[in-house]
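Chemist: Numbering-wise, this note's numbering comes out as the position in the sequence shown, counting from 1, plus 116.
Keep in mind that the hints were calculated from the coordinates and are not lab data. One or more hints might be untrue.
As the list claims (entries may be wrong) - Calculated cross-link-like contacts (lysine-lysine; reagent style DSS-like; alpha-carbon spacing at most 27 Å):
1. K177 / K196
2. K147 / K181
3. K181 / K196
Claimed, not checked - Distance ranges between label pairs, derived from CB positions:
4. P202 / W163: 32 to 42 Å
5. Y184 / G215: 17 to 27 Å
6. A155 / K177: 29 to 39 Å
7. S174 / A213: 23 to 33 Å
8. L143 / G215: 15 to 25 Å
Where a beta carbon is used, it is the ideal one built from N, C-alpha and C, also for glycine.
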Amino acid sequence: MYGYVVMPEHVHLLVDEPERGHLAQMLQSLKQSVARTLALRAPDSFWQARYYDFNVWSEGKFVEKLRYIHRNPVARGLVKRPEDWPWSSFLHYATGADGVVEIESQWTARRRERLGFVPTVRIRSTHKAPAQAELERGTLKSELEI
117 MYGYVVMPEH VHLLVDEPER GHLAQMLQSL KQSVARTLAL RAPDSFWQAR
167 YYDFNVWSEG KFVEKLRYIH RNPVARGLVK RPEDWPWSSF LHYATGADGV
217 VEIESQWTAR RRERLGFVPT VRIRSTHKAP AQAELERGTL KSELEI
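Construct all of the structure, not just a fragment, from the sequences and the given hints.
Modeler: See below:
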């Protein structure tokens, strides 16, 4: 999760593709979890049937979308400044403060580096070696288990 804002009748999320599965599956899981929780309290459905997505391919577009998300409560007249809206990732970007949702940012990257975590890069391939496929399914046997 790179950014979010929860509005009275909708939510904006700036997310990366999940390592496993598809974005649609991730959103379905999120929507089901929230719907189950709200079903106990609200008579009406919280979610719309569909979502709108936009692929972000450049840093400039990323910044544009993140600014749009954070300025949405101001544009709607709900607050005077983005930092006044408590249900967004704006304060994390402005101060590095942790919120309810962990945000992937330079703040969290530096925090991980100080803790000794080293980022790794995974390259996705449409063709997988048999051993890689077994590893991902959890069925790969090591030499010690034979």
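Chemist: Does each hint fit the structure? Answer for all of them.
Modeler: Okay, the hints, checked on the actual structure:
1. Annotation: proposed proximity of K177 to K196 holds, straight-line Cα distance about 24 Å (limit 27 Å).
2. Taking the CA atoms of K147 and K181, the gap is near 22 Å; set against the 27 Å cutoff, the hint holds.
3. As the CA atoms of K181 and K196 are separated by approximately 19 Å, the hinted pair is consistent with the 27 Å bound.
4. The supplied range of 32 to 42 Å is broken by P202 and W163, whose beta-carbon atoms lie about 21 Å from each other.
5. Range check, Y184 to G215: Cβ separation about 19 Å, and the 17 to 27 Å hint holds.
6. Between A155 and K177, the C-beta spacing of about 36 Å keeps the proposed range 29 to 39 Å intact.
7. The hint said 23 to 33 Å for the Cβ distance between S174 and A213, and at roughly 27 Å that hint holds.
8. Between L143 and G215 the CB atoms are about 20 Å apart, so this pair conforms to the stated range of 15 to 25 Å.
Going through the hint list in order, the structure does not satisfy hint 4, though it satisfies all others.
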